[in-house]
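Residue numbers (the working numbering), protein chains in the order written: chain A, 1 to 140; chain B, 1 to 140; chain C, 1 to 140; chain D, 1 to 140.
In short, the hints are calculated from the structure, not lab data. A quick note: this is a predicted structure, and the numbers were derived from the prediction, not measured. Just so you know, not all the hints are guaranteed correct.
The list treats identical chains as one, so a pair stands whether inside a single copy or across any two.
Capping the alpha-carbon separation at 30 Å, the derived lysine-lysine pairs in DSS-like fashion look like this [what the hints assert, rightly or not]:
(1) LYS108 to LYS91
(2) LYS91 to LYS26
(3) LYS102 to LYS26
(4) LYS26 to LYS108
(5) LYS105 to LYS26
Chain residues, written in single-letter form:
4 protein chains.
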Amino acid sequence: MPRMSAEELEQFLYSHFPDTAHRAVKVERVESMFAQVRLHYDERHLRPGGTISGPALMMLADTAMYMALLGMIGPVALAVTTNLNINFLRKPAQADVIGECKLLKLGKRLAVGEVTMYSEGDAEPVAHATVTYSIPAVRE
Amino acid sequence: MPRMSAEELEQFLYSHFPDTAHRAVKVERVESMFAQVRLHYDERHLRPGGTISGPALMMLADTAMYMALLGMIGPVALAVTTNLNINFLRKPAQADVIGECKLLKLGKRLAVGEVTMYSEGDAEPVAHATVTYSIPAVRE
Amino acid sequence: MPRMSAEELEQFLYSHFPDTAHRAVKVERVESMFAQVRLHYDERHLRPGGTISGPALMMLADTAMYMALLGMIGPVALAVTTNLNINFLRKPAQADVIGECKLLKLGKRLAVGEVTMYSEGDAEPVAHATVTYSIPAVRE
Amino acid sequence: MPRMSAEELEQFLYSHFPDTAHRAVKVERVESMFAQVRLHYDERHLRPGGTISGPALMMLADTAMYMALLGMIGPVALAVTTNLNINFLRKPAQADVIGECKLLKLGKRLAVGEVTMYSEGDAEPVAHATVTYSIPAVRE
Chain A
1 MPRMSAEELE QFLYSHFPDT AHRAVKVERV ESMFAQVRLH YDERHLRPGG TISGPALMML
61 ADTAMYMALL GMIGPVALAV TTNLNINFLR KPAQADVIGE CKLLKLGKRL AVGEVTMYSE
121 GDAEPVAHAT VTYSIPAVRE
Chain B
1 MPRMSAEELE QFLYSHFPDT AHRAVKVERV ESMFAQVRLH YDERHLRPGG TISGPALMML
61 ADTAMYMALL GMIGPVALAV TTNLNINFLR KPAQADVIGE CKLLKLGKRL AVGEVTMYSE
121 GDAEPVAHAT VTYSIPAVRE
Chain C
1 MPRMSAEELE QFLYSHFPDT AHRAVKVERV ESMFAQVRLH YDERHLRPGG TISGPALMML
61 ADTAMYMALL GMIGPVALAV TTNLNINFLR KPAQADVIGE CKLLKLGKRL AVGEVTMYSE
121 GDAEPVAHAT VTYSIPAVRE
Chain D
1 MPRMSAEELE QFLYSHFPDT AHRAVKVERV ESMFAQVRLH YDERHLRPGG TISGPALMML
61 ADTAMYMALL GMIGPVALAV TTNLNINFLR KPAQADVIGE CKLLKLGKRL AVGEVTMYSE
121 GDAEPVAHAT VTYSIPAVRE
C-alpha cells in the first residue's frame, strides 16, 4: 500500500518545488509501485510546431517517478534523480499529457521506474522514460 | 564555421520558445560543432536542499544541443529531440550553470551531442547528458 | 500481423550473426509489435558472483528488439541500433533469462522498443532496456 | 594515481570473466580517472555489412568503465553496472576499436564515466557511452 495519498503527494510537491512549472502537474492516482500524473496543456510549454516542449515532458517524467517513489517510501525530500533517459516518440496533441510511472525496482539505495506518457484520449505513447533515483541512507 | 552567431541563436531561441524558463538561458559561445550556454541561477529552479532542479538542468542540456546543432545547420526550427540521457553527478552550487555541448555526429537525419554541465567556478561537472536530434528531411 | 515467424527470425539471426554468443538466444514468440526471446544459461556468460554478465543481457536486449522490429518490417538486415539504454535491476538467478520486447514506435526511419528481462520462473525483472533502431531508407 | 597497472587490470579481467569475448579486450593504458582499452578486430564480432556488432561495442564500453573504476578503487570484483547508455554513431571500420573511458564521478556508492570509441586510425568516434557502476558498501 502507498504511504501517501495522491493529495498528500501533490501538496508535498508544490511545497517543495515553488516554481510555476511544477504547478502544471496534477497527481491523479497512486497505487503500490505506481503513480499517474497529468501535465496540463499550457501555451507556455509550446515549441515550434505547436507541440509541448521536450523539457516539459522531461519534468513530467521526473515528477511521475518522484511521486511513485515517495508514495512507497514517504516524504523523503532528498531523494534525488541520478539518471533519466527519455525517448520522444510522437508529436504530442494539443491536449493534456498523462504520465504513468511503474516502479521496476525499489532498493535501499536506488529505485528505478519507467514512465509512459500519452496525450489525453490517444492510445499511442508520445514519450517513454526510465528514471533512477538515489535514496538517502538515513531516512526520517 | 557555424552558420549562426551566438546572438542570432539566442534570438531564435527566444522567439521560438516563449516560455519564461528558456529566458534563463544565455547563448555564450558557438564554434564548429560546439556551443556553450549559461543557465542563470534563479530561485525558481530550486528544489529541496537549495539546489537547481533536475528539470532545469535537462532543459539546459537540451538547449545547449539545440544551439550547437542549429549553429551548424541554420535555423531549422523543426529539428526535434528524439533521445536525451542525463546523469546527475553532484549537487550544483548556488551559482549559474554552464553547459558545453560538443557534437559527436552530424548526419543527414540524426545528430548526437554530449553536454557537460558545470557550476560556474567549479571544475567538477554537476551533470552530463547525451542528446539526439532528428533533422527533418527537407530543409529550407 | 508479423511478417516473419519465430522460426524464420531465428534462422535469419543465426545466418547473419555467425558468432557463438547469438547462438545462445532462442526466438520463442513473435506477435504484432512484440517479440520474446530466451538467453540460455551458460557458464560463458558468468561474471564474479556467479551471475550472468551485463554484456550478455545487453546482447539479449538488442536481439529482442531486432526480432520484434524484423517481425514487423521483414528481413531488413541493415536496420541498425542507434541507441540502447539499459538498467540492471537485480542479480539474475542461475537460470535462463527471458526478454520481452514491446515496440513503442514503428516509424519510417526510427523504431523504439522497450525490453523487460526476467530470470525464468521469477516475476521481478532483472534488467530493463530501451532500444532505438534506424531503418534504412530503401527497403527491398 | 591508479592503484592497479594496466597489466594487473587485464589479468584481473581475464581471471574474473572466463568467456572468450572478454579475451578480445586488451587494457592499454590506465591513468587517474581514465582507462584506454582495445577491442581486437575479430570476425566473430561482425554483423551484416561487415561491421563490428553492437553487443561487442557495448562489452567494450562496459569493460573500459570497469577498468577505469578498478584502477581507482582496486580489485573490487563485485562493483556492478547499474546503467549503460550507448549511442552508435558511425559504422566501424574493419579495424580494432579503441575505447577511452573518463570517470566523471567517483563517489562512495556510485561511479559514472563516459566512453568514447574510435576505429583505430580514425578521428571520428564510432560510438559513445555513459556507464554507471554501483560500488559495494563494504570493501576489502
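Exercise for the section: May I ask which of the numbered hints given earlier this structure violates, with the numbers listed in increasing order? Expected result: none
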